[in-house]
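Go ahead and model the full structure; you've got the sequences and the hints to work with.
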Amino acid sequence: DAGVIQSPRHEVTEMGQEVTLRCKPISGHNSLFWYRQTMMRGLELLIYFNNNVPIDDSGMPEDRFSAKMPNASFSTLKIQPSEPRDSAVYFCASSFMSRVMTGTGDEQYFGPGTRLTVT
Amino acid sequence: SQQGEEDPQALSIQEGENATMNCSYKTSINNLQWYRQNSGRGLVHLILIRSNEREKHSGRLRVTLDTSKKSSSLLITASRAADTASYFCATRASGYSTLTFGKGTMLLVSP
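Chains A and B, in that order, are what the protein sequence lines are.
Residue numbers for the first sequence follow the working numbering, so the first one is 1 and each next one is one higher.
Residue numbers for the second sequence follow the working numbering, so the first one is 120 and each next one is one higher.
It should be emphasised that the hints constitute simulated quantities derived from the structure, not laboratory data.
Honestly, I wouldn't trust all of these hints.
Computed list of chain A residues with no C-beta within reach of chain B, every gap over 12 Å [said to hold, decoys possible]: (1) Glu11; (2) Thr13; (3) Asn52; (4) Pro81; (5) Arg85.
Here chain B is said to cover these stretches of chain A; the calculated rule only asks that three of the stretch's residues, wherever they fall, bring their Cβ under 8 Å from a Cβ of chain B [what the hints assert, rightly or not]: (6) 37-46; (7) 107-118.
Derived DSBU-like pairs: lysine-lysine, alpha-carbon spacing no greater than 35 Å straight-line [said to hold, decoys possible]: (8) Lys145(B) / Lys24(A); (9) Lys78(A) / Lys145(B); (10) Lys189(B) / Lys222(B); (11) Lys145(B) / Lys175(B); (12) Lys145(B) / Lys189(B); (13) Lys222(B) / Lys188(B); (14) Lys68(A) / Lys222(B); (15) Lys175(B) / Lys222(B); (16) Lys78(A) / Lys222(B); (17) Lys24(A) / Lys222(B); (18) Lys222(B) / Lys145(B); (19) Lys78(A) / Lys24(A); (20) Lys68(A) / Lys145(B); (21) Lys24(A) / Lys175(B); (22) Lys175(B) / Lys188(B); (23) Lys78(A) / Lys68(A); (24) Lys24(A) / Lys68(A); (25) Lys145(B) / Lys188(B); (26) Lys189(B) / Lys175(B).
On a predicted model such as this, the values are computed, not experimentally measured, just so you know.
Ideal placement from N, C-alpha and C gives every residue a C-beta, glycine not left out.
And the structure:
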């Protein structure tokens, strides 16, 4: 398997523009996570999908952020309009979470990230 | 906050030495995991230890967990320059499906 795939790897955009980040999870995984990493705040969970359904979006900063998972092999994170403070590295991760949370199969597999710069 | 806190924030050692990193957390957990992140890359899962386990080994890695103290340690033995990276602990709190990551320890191993 190629692992978690993210695109683009780098994105530079101007304030006010729409940004769309894309993720393809590992085939067979049923959970997908979007994270944001900055020096100041570390790694923050933005949203978590299980079986394509958003379960927890409490980490989404504000209405400018939205995420979708139309099928098991694709997810997007959209920022509209973008602001300079959105500059960060955005990671997508996937895992297989068993119905009974035994603590096994819980490890997450991260993509290479998208480095977003908003000027 | 459930967030794990790693200690130290940065660690610099010579090749061949052992590196020990610690993680403390605040709530009861289902499991604790350690991840590595090389500069400019995504995180890579290293090892998972469940709340009913006290110690686990994987190659040159040794993880301990003390649930009474709400702490864990990661020991890397016989370190190599290639071990240079940031190391993060992540906790799965009891009753939760997601992980909470600490801010990491930056390890520098000099040849």
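Provide an ascending list of the numbers of those earlier hints which the structure does not satisfy.
none
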